[in-house]
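Using the sequences provided together with the hints, build the complete structure.
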Amino acid sequence: MLELIKITKKFGNFTAVDNLNLNIQAGDFFGFLGQNGAGKTTTIKMITGLYTATSGRILVNGLDINKEPAKAKRLIGYIPDQPFLYDKLTGREFLFFSGGLYSIEKEKLKVKIDSIINELKIDSWIDKRTEEYSQGMKQRIAIASALLHDPKLLVVDEPMIGLDPQSALIVKNIFRKLSENGTALFMSTHSLNVAEEICSRIGIIKDGKMIFEDKKEVLEAIKGSDHNNLESLFLHLTK
Numbered sequence: 001m002l003e004l005i006k007i008t009k010k011f012g013n014f015t016a017v018d019n020l021n022l023n024i025q026a027g028d029f030f031g032f033l034g035q036n037g038a039g040k041t042t043t044i045k046m047i048t049g050l051y052t053a054t055s056g057r058i059l060v061n062g063l064d065i066n067k068e069p070a071k072a073k074r075l076i077g078y079i080p081d082q083p084f085l086y087d088k089l090t091g092r093e094f095l096f097f098s099g100g101l102y103s104i105e106k107e108k109l110k111v112k113i114d115s116i117i118n119e120l121k122i123d124s125w126i127d128k129r130t131e132e133y134s135q136g137m138k139q140r141i142a143i144a145s146a147l148l149h150d151p152k153l154l155v156v157d158e159p160m161i162g163l164d165p166q167s168a169l170i171v172k173n174i175f176r177k178l179s180e181n182g183t184a185l186f187m188s189t190h191s192l193n194v195a196e197e198i199c200s201r202i203g204i205i206k207d208g209k210m211i212f213e214d215k216k217e218v219l220e221a222i223k224g225s226d227h228n229n230l231e232s233l234f235l236h237l238t239k
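Just so we're aligned, residue 1 is where the sequence shown starts under the numbering used here, counting upward by one.
Quick caveat, the hints were computed from the structure, so don't treat them as lab data.
Careful: at least some of the hints might be erroneous.
Claimed, not checked - Keeping only pairs whose Cα atoms sit at most 25 Å apart, straight-line, the calculated PhoX-like set for lysine-lysine is:
(1) Lys88 <-> Lys121
(2) Lys67 <-> Lys10
(3) Lys206 <-> Lys10
(4) Lys10 <-> Lys108
(5) Lys121 <-> Lys67
(6) Lys172 <-> Lys112
(7) Lys6 <-> Lys209
(8) Lys128 <-> Lys73
(9) Lys45 <-> Lys71
(10) Lys172 <-> Lys45
(11) Lys108 <-> Lys128
(12) Lys88 <-> Lys112
(13) Lys121 <-> Lys152
(14) Lys71 <-> Lys112
(15) Lys6 <-> Lys152
(16) Lys45 <-> Lys67
(17) Lys6 <-> Lys45
(18) Lys112 <-> Lys152
(19) Lys67 <-> Lys152
(20) Lys67 <-> Lys108
(21) Lys239 <-> Lys215
(22) Lys152 <-> Lys177
(23) Lys128 <-> Lys110
(24) Lys209 <-> Lys239
(25) Lys138 <-> Lys177
(26) Lys216 <-> Lys239
(27) Lys121 <-> Lys108
(28) Lys73 <-> Lys106
Set out below in structure tokens:
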């Protein structure tokens, strides 16, 4: 579903991402970990077509993100770490606007929006203007917006920012369900506990290079007595 082939991104003489290779299949839930400045956000911006790689290829279900951007992007749902909403629109109006960008038929879109509102439990404030929303409320609208067109690949940057524990649990359960139903998820997060809890594969990037990538079960096996949790191993690998 998502393939990164020798991806490199340079800004002048600085190499932000260095020869990154990755293959994510349908149903994989990939947790992308790294310290600030390691290259996580740059990688996400290349996957979503916001940045062009200096070299290498990015394929989404076999489509090159640079050669066939429109077709590839229709398969992607993107949840940024800082959601942008139109302040004067209500949450429901914003979702109808977002669905219109994907040319979803109006009645089908209405059914989809109602379903997502119910699933995310946002019905009590969905008809308020988004300028009144807290960070967590904005984040849930961004999540809802990204799911409207049933993406084959969901790219998520720090999804739990601003979410209270109950909302975070709802979102984690939605992500699990998507993965179980065949959606590929690529999630960048600083929350090692979240990654350990819900991801099926883990990757760790340092100074633009992938220093660890494997199934979570392999990670569990190599932690051993010296590393009793993901945080301990992460700190060891990135020191």
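Status of the hints after comparison with the structure:
| no. | hint | result |
| --- | --- | --- |
| 1 | Lys88 <-> Lys121 | holds (22 Å) |
| 2 | Lys67 <-> Lys10 | holds (20 Å) |
| 3 | Lys206 <-> Lys10 | holds (15 Å) |
| 4 | Lys10 <-> Lys108 | violated (43 Å) |
| 5 | Lys121 <-> Lys67 | violated (39 Å) |
| 6 | Lys172 <-> Lys112 | holds (20 Å) |
| 7 | Lys6 <-> Lys209 | holds (11 Å) |
| 8 | Lys128 <-> Lys73 | violated (30 Å) |
| 9 | Lys45 <-> Lys71 | holds (17 Å) |
| 10 | Lys172 <-> Lys45 | holds (23 Å) |
| 11 | Lys108 <-> Lys128 | holds (23 Å) |
| 12 | Lys88 <-> Lys112 | holds (22 Å) |
| 13 | Lys121 <-> Lys152 | holds (23 Å) |
| 14 | Lys71 <-> Lys112 | holds (22 Å) |
| 15 | Lys6 <-> Lys152 | holds (23 Å) |
| 16 | Lys45 <-> Lys67 | holds (16 Å) |
| 17 | Lys6 <-> Lys45 | holds (16 Å) |
| 18 | Lys112 <-> Lys152 | holds (16 Å) |
| 19 | Lys67 <-> Lys152 | holds (19 Å) |
| 20 | Lys67 <-> Lys108 | violated (30 Å) |
| 21 | Lys239 <-> Lys215 | holds (22 Å) |
| 22 | Lys152 <-> Lys177 | holds (13 Å) |
| 23 | Lys128 <-> Lys110 | holds (17 Å) |
| 24 | Lys209 <-> Lys239 | holds (14 Å) |
| 25 | Lys138 <-> Lys177 | holds (22 Å) |
| 26 | Lys216 <-> Lys239 | holds (21 Å) |
| 27 | Lys121 <-> Lys108 | holds (20 Å) |
| 28 | Lys73 <-> Lys106 | holds (21 Å) |
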